[in-house]
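J.: One line per chain: the protein sequences are A and B, in this order. The numbers in this note's numbering rise by one with no breaks, and the one at position 299 of the first sequence is 1226. The numbers in this note's numbering rise by one with no breaks, and the one at position 65 of the second sequence is 71.
These aren't lab readings, by the way, just hints derived from the structure by calculation. Mixed in with the good hints there might be a few duds.
A few chain A residues that face chain B, going by a derived Cβ cut-off under 10 angstroms, partial list only [as the list claims (entries may be wrong)]:
#, residue
1, Arg1076
2, Gln1078
3, Ile1093
4, Leu1205
5, Ile1208
6, Ile1264
7, Thr1271
Since the structure is predicted, the reported quantities are computational estimates derived from the model, not experimental observations. Positions of the beta carbon are idealized from the N, C-alpha and C atoms, including for glycine.
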Amino acid sequence: MNKTPLLKRIRESWLFWPLVAWVIILLLNVIFQPEFFKIGIIDDPVYGKHLYGNLVDVFNNGAPLILVSIGMTLVIATGGIDLSVGAVIAISAAMGAVLINPALGNKLISNEILTRNATNTPLPLIILATLAAGVVCGLWNGFLVSRARIQPMVATLILMVGGRGIAQLITNGQIMTIYYTPYFWFGNGYILGLPVSIYIVVAVLILSWILVRKTSIGLFIESVGINAKSSYFSGIDEKNVKLLVYAFCGLCAAIAGLILSSYVHSADGNNNGLDYELDAILAVVMGGTLMSGGRFSLLSSAIGAVVIWTFTLTMYTFGVPANALLAGRAVLVLIVILLYSDQTRQFLTRLTDSKETHRYLNKLMIWKGSRHGTSN
Amino acid sequence: MVRRIRPTLLGYAPLLTTIAIFFLAYYIGAQMYPAMQNPQAFFNLFINYGSLLLVSIGMTLVIITGGIDLSVGGMIALTTAASAALLKNGASPAVVIPLMLVMGVVIGFTLGSIIHFFKVQAFIVTLMGLFFARGMAYIISLKSVTITNSFYKTLALTQIPIPFVSNAYVYSYALVGPLVLLVAFYLAYFTRFGRTVYAIGNNEQSARLMGLPVGRTKILVYAFSGFCSALAGIVFSISLLAGYGKFASGLELDSIASVVMGGTLLTGGVGNVIGTLFGVLIEGTIISILQYNGTLSSWWTRIGVGVLTLIFIGIQSLFYMRQKHS
Chain A
928 MNKTPLLKRI
938 RESWLFWPLV
948 AWVIILLLNV
958 IFQPEFFKIG
968 IIDDPVYGKH
978 LYGNLVDVFN
988 NGAPLILVSI
998 GMTLVIATGG
1008 IDLSVGAVIA
1018 ISAAMGAVLI
1028 NPALGNKLIS
1038 NEILTRNATN
1048 TPLPLIILAT
1058 LAAGVVCGLW
1068 NGFLVSRARI
1078 QPMVATLILM
1088 VGGRGIAQLI
1098 TNGQIMTIYY
1108 TPYFWFGNGY
1118 ILGLPVSIYI
1128 VVAVLILSWI
1138 LVRKTSIGLF
1148 IESVGINAKS
1158 SYFSGIDEKN
1168 VKLLVYAFCG
1178 LCAAIAGLIL
1188 SSYVHSADGN
1198 NNGLDYELDA
1208 ILAVVMGGTL
1218 MSGGRFSLLS
1228 SAIGAVVIWT
1238 FTLTMYTFGV
1248 PANALLAGRA
1258 VLVLIVILLY
1268 SDQTRQFLTR
1278 LTDSKETHRY
1288 LNKLMIWKGS
1298 RHGTSN
Chain B
7 MVRRIRPTLL
17 GYAPLLTTIA
27 IFFLAYYIGA
37 QMYPAMQNPQ
47 AFFNLFINYG
57 SLLLVSIGMT
67 LVIITGGIDL
77 SVGGMIALTT
87 AASAALLKNG
97 ASPAVVIPLM
107 LVMGVVIGFT
117 LGSIIHFFKV
127 QAFIVTLMGL
137 FFARGMAYII
147 SLKSVTITNS
157 FYKTLALTQI
167 PIPFVSNAYV
177 YSYALVGPLV
187 LLVAFYLAYF
197 TRFGRTVYAI
207 GNNEQSARLM
217 GLPVGRTKIL
227 VYAFSGFCSA
237 LAGIVFSISL
247 LAGYGKFASG
257 LELDSIASVV
267 MGGTLLTGGV
277 GNVIGTLFGV
287 LIEGTIISIL
297 QYNGTLSSWW
307 TRIGVGVLTL
317 IFIGIQSLFY
327 MRQKHS
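So here's chain A without its partners, still in its complex pose (with noise of 0.2 angstroms):
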């Protein structure tokens, strides 16, 4: 029998926070803006019926972050940190785009040659070169922090910097618009009237709980970010374990740029994925992952990112201009990452001490009770 009480065991569940904070989110619509709650349903003569509103994109503009997160949350538990998110969303939806039409040479593409629907290269192969393309930047990054011992930091701020020079490379310094439309399919298509990217998500979910919960690989990462070194002497391979994760979060960060050169029909070397390294840390800080690494939780980043989308669209319907919630963000982040610092927790525990709670109301009693003594 568990004897803690209901309430205490809420508040401390590793959900409650990001979820409180949603909640508040959430509430803050319902008292200005009513209308973001509104969901329809909408016959596209395209991608048939389906459902819309506010809520739904959430979601569906939220999948590639919340991607992002479930493969940084791994990172970050093993004491490490991936800044190159942003550009490997680039790279692949650059890969995506080259392969549907080659423009690797000097030639510039006619505008014929682009706008006739058709691929160079079947759509299978497509995704597989795409999440390749991921995997190979991550195993880079593996590479760098796990056998040539560089700070995560600085080998993944080469490929941050670097990478955005690779996904230009490959398109050539064009921004490659896609005319192919099955590939639209991946953030733009319906299955039963919700978003494909939420099938995407759910089932990347639910393959890597399965992947760090029902094998030893979730122990193995908390125990490397908790202490590599005897981990490394308990006999835990912890080079390969950090070069599995830094594969996975390019793997995620792959996924994400699928999903997001579909949705926008174009690939950007400068501009795909901007920004994105800054959301996928808050989000997976609001998750109460720490920043030092060690334990974790999947499902919590995944609504630390759903948060920020929510936040984010709120304030896009209050109309607050993009490029100025940078800003906020940032110092949402610091706020965040400073309430879950040890000195703040020293704080606040000494302030609901109940020893010192105690030998408060005992002075108070015994000059109460002093007081009584001369009365009498």
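Following the hints, position chain B against chain A.
T.: Below, chain B alone, put in the same frame as chain A:
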């Protein structure tokens, strides 16, 4: 005699390697493109990479303490955007320039305080500083703002001839970097502050046990880096006569790369600002070579900087390993 020289040489080996690599790179460049034999090509490095030099000086001290400052690019963008907007609204440069420097110091000080008091990793805090600064720059203006102030224009166009070299000049703002370099050199080698910086980088715990003011020094180092980035932002806005939130994107890697090329260890405790000067010059030379070769596209410089950083980190770890073994 030999016994005394060897340790000294070993101590300066990274610096000497850096200087040798610079001369080698420049020599190869001059052989490939005769235009680089013109002395002006050398002084152009100071003109074009003045703000990179400034940022890297601050970054060097931060990295020597074992930290990192990723906010530099954002700080430059914020400074250019803020000063352009202020100048456009008729503020005088005598107000704008000190104001920007104070802003840089305050932001650096805040970041340093958060790092020290809340014990959060430096890169997270400064990464947030980067996004915060860029976001603020976009809030100030979503578009590029040109600067029409006459004082800025004169500064941008004043040529200062180089003594003893005919037909060579630098623009006035290119002198700021070398000046700050001298100040930083003095700070690092001849003051108690500088010695504390090295002590923290070698071992923070023992520095604290020795009674050194660890917290104060760490915060001051980030404040100094903020000051340097604000100064770099002013130099940037003078050289381009504009302000925009997208300026100096990816500069943090450029700056880390030149610090690493200058022989500063990313783990802290080892390095010096003179090496950083040559690191910046190496990077400038290699980017110039890439640009002289007209057929290469702009994104190659991006990839080139990444590869360069990687090579130098590799060389560094080799050096470090050999020292450890011996």
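J.: Determine for every hint whether it applies to the structure shown.
T.: For each hint, the structure was consulted:
{"no.": "1", "hint": "Arg1076", "verdict": "holds, 7 angstroms"}
{"no.": "2", "hint": "Gln1078", "verdict": "holds, 6 angstroms"}
{"no.": "3", "hint": "Ile1093", "verdict": "holds, 6 angstroms"}
{"no.": "4", "hint": "Leu1205", "verdict": "holds, 5 angstroms"}
{"no.": "5", "hint": "Ile1208", "verdict": "holds, 7 angstroms"}
{"no.": "6", "hint": "Ile1264", "verdict": "holds, 6 angstroms"}
{"no.": "7", "hint": "Thr1271", "verdict": "holds, 7 angstroms"}
When held up to the earlier numbered hints, the structure conflicts with none and fits them all.
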